[in-house]
Amino acid sequence: MVAVTGPVLETRGLIRRFGGLTAVDDVSLSVPKGQIRALIGPNGAGKTTLVSLISGRIPPSAGRVFFEGRDVTALPAHRRIRAGMAYTFQITSVFARLSARENVRLAAHRRGSAAGRDAVETALSRTGILDRADQVAGDLAYGHQRLLEIAMGLVRAPRLLILDEPTQGLAQAEVAAFNDLIRALDTTVLLIEHNMDVVMELAQVVTVLNFGAVLAEGPPDTIRSDASVQAAYLGGA
Amino acid sequence: MGVSYPGVRALEFGPHLLLATLEGAVGAAVLALTALGLSLVFGVMRVVNVAHGEFYMLGAVIAWWVATAVGGHPALGFVAAVLVAPLAVGALAAAADVTVLKRVNYDPERTIVATIGILYILQQLTLMTYGPEARPVEPPFNQRIPLPWFENTGAGWELYYPWGLSTTSYKLFVIAASAGMLLAVWLFMTRSRTGLVMRATQADRDMAQTFGIPTDRVYALVFGIGCGLAALGAVLIVPIQQAHYLMGADPLLLSFIVVIIGGLGSLPGTVIAALIIGLSDGIISVFFSATLAKILATLLVAFVLVFRPQGLFGGGGRG
Amino acid sequence: MIRADAPSTGRRALALHLGLVAVLLALNWVLPAYYHGNLARIMVLATFAVGFNVAFGYTGLLSLGHAMFFAAGMYGMGLTLRHLGWTPGPALVAGVLSGVALAAVAGALALRTAGVAFMIVTLMFSQAAYLTVLYFGTWTRGDEGFVIQQAERVLFGLDLSDPDLRYLAAWAIFSGATLFCLWLVQAPFGRVLVAIRENEDRATMLGYDTFARKWGALVISGGISALAGAAYGLLFGYVGATFASVQYSIFPLLYVLLGGAGTVIGPFVGTLFMFFLIDISSGITSAYMLVAGVVLVALTLFAPQGLVGELRRRLAPWLP
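Protein chains in written order, with numbering that gives the first Met the number 0: chain A, 0 to 236; chain B, 0 to 318; chain C, 0 to 319.
One or more hints might be untrue.
[Stated by the list, open to error] What follows is a list of derived Cβ distance ranges for each label pair: (1) Ala289(B) to Ala100(C): 25 to 33 Å; (2) Ala183(B) to Phe17(A): 35 to 43 Å; (3) Thr121(A) to Arg313(C): 33 to 41 Å; (4) Glu11(B) to Gly88(C): 55 to 63 Å; (5) Ala172(A) to Ser191(B): 52 to 60 Å; (6) Phe12(B) to Gly175(C): 52 to 60 Å; (7) Leu20(A) to Ala202(B): 18 to 26 Å; (8) Gly33(A) to Ala100(C): 47 to 55 Å.
Since the hints were made in silico from the structure, they are not lab data.
Keep in mind that this is a model prediction, so the values were computed, not measured.
Backbone N, C-alpha and C fix where the C-beta goes; we use that ideal spot for every residue, glycine too.
Using the sequences and the hints given, assemble the complete structure.
Okay, structure coming up:
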């Protein structure tokens, strides 16, 4: 395994076209181990399409995806998850008619073993929903459903955690708790986020997408003062 | 829609094929109407009406009732049936839409289950009232038209009328009437205001609703017209076949085949597919076992859905 | 389903199902002949519904073609018995394996589609299977079918045409299928099936190969349905094409919808009610399928969860 020192996630020349539209245009990324990488950009910039290509939900038109040094471009989504990725949905999509604990158990895979049971309880308590674990997921408050999504992402101790707008619709206090939770992780995180406060607080490196292509990349402070990024966000040219 | 041909085996291959093609054309014409109804319903409402064949059957049975009640010259009864049966069936279908389909919110799977229920209700009520007999309706006119064939006798080509090679004026009328009706539906959908409203609803139901289109009424109307077209097809065929409470199964299967092969919801694709399926059904069932032909046809539908879901004649998709 | 993970509710569910099985066993010595015979038939048909429920109720796969699996079991048993001179034991196994093989092939193809397309593809496959039975009328005797003689129905020295033994055989098959289903839906495999039913995309993104799981569910479902078909032919001594027709794809759907999809006990409750509804109405009219139509429409409109589903929703959320 070459994974020890190389990047956890790498994409090379990733392209995805839908009919005449190029949603992701020649994106090459490299995310080293342990980094929290934020992916930002205006609506329709191709962020969700890019993480869908990375997680294997849709196939690329061209380009390659490497996970821990291994070419996973040909692997279907479920094999990439098995290999150590985790993906949380932008729109909350927990199993609404099952209990919160059952949701996390399904995410854990190893339901029979004691270690598996421990992992489930740990994920529930880290996200602060252990006392609600027996409730039906659909009955949980929206903020708790988002936390359940994250618990489902954490339970298998992924080596790459992909979060698609995790703080959308959360209250101020819940956002702060989320920040603490992510900061305490020792895993590589790819974070799509609209809330710039969260980005500034969590991300070590920010990648800006515009019209499917990488517009800028760098530490949060540099990105904040980058003129082209400001132009893209303000709609100027 | 099998048709039997007493004595047809005596014919040679060429005349035989001509006859099979003519018979196939009659079947294809009626099938195009019936399948167009199913396709219209699927296209606009995005639901599969499993009871479509029973509305066809009702068309034939009501035609028999009307023709019997009117009496007199066969043409009188037939004209009355052509007017009454499709309208009655259309009204019944619109009522079924409002009372059942609308209330399951046109959920695709629940609609299929509900229309299976409607299938049994219509079929069994017909059995209870109309009975298990097969009954004919007399055609309004029915002159035998012998058909010529050519033969090279050595001394040059010769024209003659082989025994058994003939059609009837009524069969030609069915083909013409169906073609006329298809044209009328096409003009209605593309030129009339109501057709425009239907196509707007098909494109985007929510958007149509926002623009003040009464989509509930549009759905009821489309379901009524779709089933009415099936009934009209049945009225045209009932002087050739007979009205029977189980006669809906074959048209349903063939309409399914046509709509799926032609591309779900595509009107031109539906008509082309109806011609091909109708003609080949007529031709194949003359030369091969009808059962084998049906096995191949059902498998064809399944494989088209599995490997080419946009239909054989539909464009785009995932290709 | 909702809190079936807690051990006490698991025991409660087991007790309920063992109780049902015990009552059905005891009824063998209690029921008058008419109901005794009917109940044997109901238990075999309920086994068919149990198989259908694995696909429809627990995995969300609405097949309109399960008659082909029932018929595969019946003909796999009947044809080997009649033409190859096999004894009932191996013939029964041949029946089940026929269903499993058919489900494996048909499933691998049909599962490339979803939703309405899946319903139509299964319907078409089943129709092709029915027509195939008719086409090979020389061996299957088509619509007319063939009778399995009393002498051919002796399994391990037990004469299955004897009412008591027939009832007990039907009971054994039904109990086995029901308890297997109870175990399955609480096992990890079954929980993943429920996850696929609830949200397939999410299940994929949790690392599950949903295609393989759905295929597995369909093979199990086809196997149980084929067992029911083979047993039906053997116990009641008749094999015919009717059992391959569309009607026999609709029946299990009807039973499961009426009893409650995604409940272990629902298929039995649904079969019991539907059987007696049709039995009563066929005494009044030859158009007895009218009842099936009315029940289908009424269920879709008013009780999509079915009898047991409504019971679970209102009173007993612990029912698996």
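Results of checking the hints against the structure:
{"no.": "1", "hint": "Ala289(B) to Ala100(C): 25 to 33 Å", "in the structure": "28 Å, holds"}
{"no.": "2", "hint": "Ala183(B) to Phe17(A): 35 to 43 Å", "in the structure": "39 Å, holds"}
{"no.": "3", "hint": "Thr121(A) to Arg313(C): 33 to 41 Å", "in the structure": "36 Å, holds"}
{"no.": "4", "hint": "Glu11(B) to Gly88(C): 55 to 63 Å", "in the structure": "57 Å, holds"}
{"no.": "5", "hint": "Ala172(A) to Ser191(B): 52 to 60 Å", "in the structure": "59 Å, holds"}
{"no.": "6", "hint": "Phe12(B) to Gly175(C): 52 to 60 Å", "in the structure": "59 Å, holds"}
{"no.": "7", "hint": "Leu20(A) to Ala202(B): 18 to 26 Å", "in the structure": "20 Å, holds"}
{"no.": "8", "hint": "Gly33(A) to Ala100(C): 47 to 55 Å", "in the structure": "51 Å, holds"}
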